[in-house]
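Novice: These protein sequence lines are chains A and B, in that order.
When we follow my numbering, the leftmost residue of the first sequence carries the number 1, and every step to the right adds one.
When we follow my numbering, the leftmost residue of the second sequence carries the number 1001, and every step to the right adds one.
Honestly, the hints are just simulated from the structure, not real lab data.
Be aware that a few hints might be false.
To be verified - Quick list of in silico lysine-lysine cross-link-like pairs, DSS-like style, CA-CA up to 27 Å:
id	chain 1	residue 1	chain 2	residue 2
1	A	3	A	155
2	B	1020	B	1169
3	A	495	A	473
4	A	3	B	1291
5	B	1024	B	1039
6	B	1175	A	473
7	B	1020	B	1175
8	B	1352	B	1204
9	A	569	A	551
10	B	1020	A	3
11	B	1175	B	1352
12	A	495	B	1169
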Amino acid sequence: MSKASIFWINGPVVKARGSRDFMMNEMVRVGNSRLIGEVVDLDQDTLTIQVYEGTRGLQTEELVEGTGRLLSAYLGPGLIGGVFDGIERPLDRLAQAYGDYVTRGVELFPLEEGRKWRVEVLKREGDSVSPGEVYARIQETSMIEHRLLVPPQVKGEVVEARPNGEYRVSDNILLIRNGEQEIPLRLYQEWPVRLPRPIKNRIPPSLPLITGQRVIDFFFPLAKGGAAAIPGGFGTGKTVTQHQLAKWSDADLIVYIGCGERGNEMTQVLEEFPQLVDPRTGKALMERTVLVANTSNMPVSAREASIYTGITIAEYFRDMGYHVALMADSTSRWAEALRELSGRMEEMPAEEGFPAYLTSRLSEFYERAGRAETLAGKEGSVTIIGAVSPPGGDFSEPVTQHTREFVRCFWALDRNLAYSRHYPSVNWLTSYSEFVEDLADWFENEVDTSWNQLRTEAMALLNEDDRLQQVIKLVGEDVLPDEQRLVVEVGRLLKTGFLQQNSFSLTDSFCSLQKQFQMIDLILYFYRRARELISLGMAISEIKRGAVYPKLLRMKEDIPAAQLEELGKLREEVEKFFDELAQRYGEGVRHAG
Amino acid sequence: MPVREYLGLSRIYGPLVVVKGVEKVGYEELVEVVLRGEKRLGQVVFLEEDQAVIQVFEGTAGLTQADARVRFLGRPVEISLSQEVIGRVFDGLGRPIDQEGEVIEDVRRDVYGEAINPYTREYPRNFIQTGISAIDGMATLIRGQKLPIFSGAGLPHNRLVVQITRQAKIAGGEKFVVVFCGIGLKHDEAEFIQSSFEETGAMKNVVMVLNLADDPSVERITTPQVALTIAEYLAFDQDMHVLAILTDMTNYCETLREISNYRGEVPARKGYPGYMYSDLASIYERTGMIKGRKGSLTQIPVVTMPNDDITHPIPDLTGYITEGQIVLGRELHRQGIYPPISILPSLSRLMKDGIGEGFTRPDHPNLASQLFASYGQAQNVRSLASIIGEEELSEADRNYLDFARKFESQFINQDFSEERSMEETLNLGWAMLAQLPPSELNRVTREEINQFLQR
């Protein structure tokens, strides 16, 4: 193995010299404690290494040893339900083996080596196999069938095949011959994390990722295979929103990357997800979740790698034909890790100390999202939802700005909304989704033909309400004419009764598309009827006094998804209320006349 | 690792010195710089070829290039620990400064610690009573939480943390200790803090780690880490519930910037180094609870916001790491309200899981939410009143103004020596709500109104 001697140490960046045999991005072991690192620069016989573990105590003249492999992820059964660090070390087994603190210099195979899996082998001797084909199946959890794929670079004829049975991850299942070459296929494969896994074709995004969050699904929908950013200052609820999406979105599999965030938040996921039940399948959410955790006090270079480890796992499951959603919380910490490493390597900085390649790294990452036809001709997708933590909540900073160039969905979290405890604090005026057009047909066919029309109407009302709120701040609500006060009241219904959604409430945490549609339909119906009466001269106080206004405000909580017919009843009640009001008012007018 | 000694420094700049011709030196290794019998401690911060750059904790004033000897001690910065640390006072490097002699050593620990494996953490779920209504009622402190105080120059944050130190307790009478860490404290502040602990007898449950404003600023780099190493030991080795108070983290960050600047690093925002987030996280994330261990470590760092700007990098990065914040407001302070806690921007993220049924009182979550909403509404009314005048307000709006005045002067306001139990705080909250007509109370249930609201 290639070896070099350390002569320069600055935090997580180390330089060594003495060999020209190292590969770019090769994984290396650094020093006597055998810390894990990666080669990031080669210059003559000098190599620069970023070390994925703390370098305290490391000395000059200690050795760096090559491993001959690129920084890679091990992909196979046992990933689901697991929690891994930025370079895919299993944190649960690390804790069992080495205690409560993250120990340096230890390597553990990410997949449980001793565990036996019941494998159904689909290929026999004499069959030919091609890249991406499924050659065996394992029911990994009750929700996910793990399909073992022929690696992208492998094809040929099966010369040996094991029967169905129980196997460990490292057991050979098939032997493939391609000309002179014989390639064994095990239950796992390796893939270099910095390279996107190949696909046959991209497919246009025309399916929504249904999240059960009203402000997202109804106003700013995301397509399967799309990319979205959630920027927001601290305390605006980025993480709660990410957790909500991880819990409720209708992806087959979730990869959740806690990148430079709080330890207690990962713990919360670990405690909560096994208890929570997927509304579609009735199974525990943990059975479709993979966690990658690099908390803010874990080594900064592993934070840089965690994003790639996560997306590689997501692509692997996409290649099996699954719709995968990846949450990265937060991509700003990843960008800052790049900045820190770049600074230690004494590179020339661009904006605010970030390296000039920040943009290309961001675009490479977000472009790994997509809906695709896999090598084997199946359909799968990777959807990326990246949280962004702009310093001071200022969206003009480099990471937010550059991220905007590569995502088509922007859910801007707003500190003022968060201060008034309006959650999710997605600002409906500054957010946008470019998928609205792509998904229009789907919503009209699958939910209701008037979906898009109602969306436009509701959005116009919210805009009008915002304009009126500016006036109210100056002169108070009482002086507005009643038509405008009605807009303000309906604005309140939309904001409190529809946009606000309580993630801690059992009824409201997830809202089906049907319920979303009926709610908005009802609110707009209320608006149209009320406007009619007000144009005839009725006072707004008459309309607000009735029992229906507070009921509309509370329908999100009062009416569970399972009893949607209650919304129909509520609609009848609204109808009756306005009919009676109109009748009474008509009589009143006649008397006066 | 043997001790190696070298004579002479090749460069001295700011708090840093360079030694040439060294061999087998470890990164972040502890170093003694000796000049004419006087020892100063330092740490290796950069290695290149046979050169080591050392940051000297006690400053470089008076060092000469030729005569200084540098001894590499072959170990990281460590401190001695045992249960005896309780009631003692240490400097920023963990050396006793209270004339009570050395601590008898049970274990030695590297002051920088290791990261807790997220898998072994336990989610924090029980509260600490501070005896201060605005905190206990509205932004409850949870065991294992890191909840900073965002303050400004001239605001009484030090009085507040002293009061918290004296009053903080947990239900059930388990062992509770405060580690009080002063970073760059002014002499009179330190004097006030120490004497008020001694007068009230609180000192017997306090460990103090003190770095004063005129102590060498480099020592501030280790000060919070020393305090947290002590706190971790008491929490996770000795099964105690520990509250660590760090005041003032702004001074820590200034030192970080100073050293980064000397080292010629590329700055991020406002001259602070790009790694300040990770660096602060290595302090704040030492908080928490660990599965299977009885103790807990809770942190209240104090951050004074330069120019009261919450978007300044120090409060900003802190807020991204910590689990909420308690914000002090100048407006309230000017009105003579103590503690001047601004309710609306203050938030305890972990509060929802550690209050209510089984912890404080079942009505607590709804009560806090109602007080918050009503006070928020009152602020809207206030800004309207400042434009159109109070006389023009509706009856309902005037109720809100009365509520806000009373809430500030009776609920938030309390005496420096006044300790309120959780029960008293909650009852007081209900008394405030009595200012408002019941029709305005939509976040509490009718049963709660009947049970607790007295008119």
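Novice: Please go over all the hints and tell whether each is borne out by the structure.
Specialist: Against the structure, the hints come out as follows:
A hinted pair counts as satisfied when its Cα atoms are at most 27 Å apart, and residue 3 of chain A with residue 155 of chain A does not qualify at roughly 35 Å. For a cut-off of 27 Å, the pair hint linking residue 1020 of chain B to residue 1169 of chain B is broken: about 53 Å separates their Cα positions. Our distance criterion of 27 Å between C-alpha atoms is met by residue 495 of chain A and residue 473 of chain A, whose separation comes to about 18 Å. At roughly 41 Å between alpha-carbon atoms, residue 3 of chain A and residue 1291 of chain B are farther apart than 27 Å, so this suggested pair is violated.
For the proposed pair residue 1024 of chain B and residue 1039 of chain B, the alpha carbon gap of about 22 Å is at most 27 Å, so the pair holds. Distance hint between residue 1175 of chain B and residue 473 of chain A is unfulfilled; the C-alpha atoms sit about 52 Å from each other, more than 27 Å. About 50 Å separates the Cα atoms of residue 1020 of chain B and residue 1175 of chain B, which puts this hinted pair outside 27 Å; it is violated. Between residue 1352 of chain B and residue 1204 of chain B, the direct Cα distance comes to roughly 32 Å. Violation of the 27 Å bound is thereby established for this hinted pair.
A hinted pair counts as satisfied when its Cα atoms are at most 27 Å apart, and residue 569 of chain A with residue 551 of chain A qualifies at roughly 12 Å. This hinted pair checks out: residue 1020 of chain B and residue 3 of chain A have alpha carbons roughly 26 Å apart, not beyond 27 Å. Taken as a hint, the residue 1175 of chain B and residue 1352 of chain B pair is honoured in the structure, with Cα atoms around 24 Å apart against an allowance of 27 Å. Our distance criterion of 27 Å between C-alpha atoms is broken by residue 495 of chain A and residue 1169 of chain B, whose separation comes to about 41 Å.
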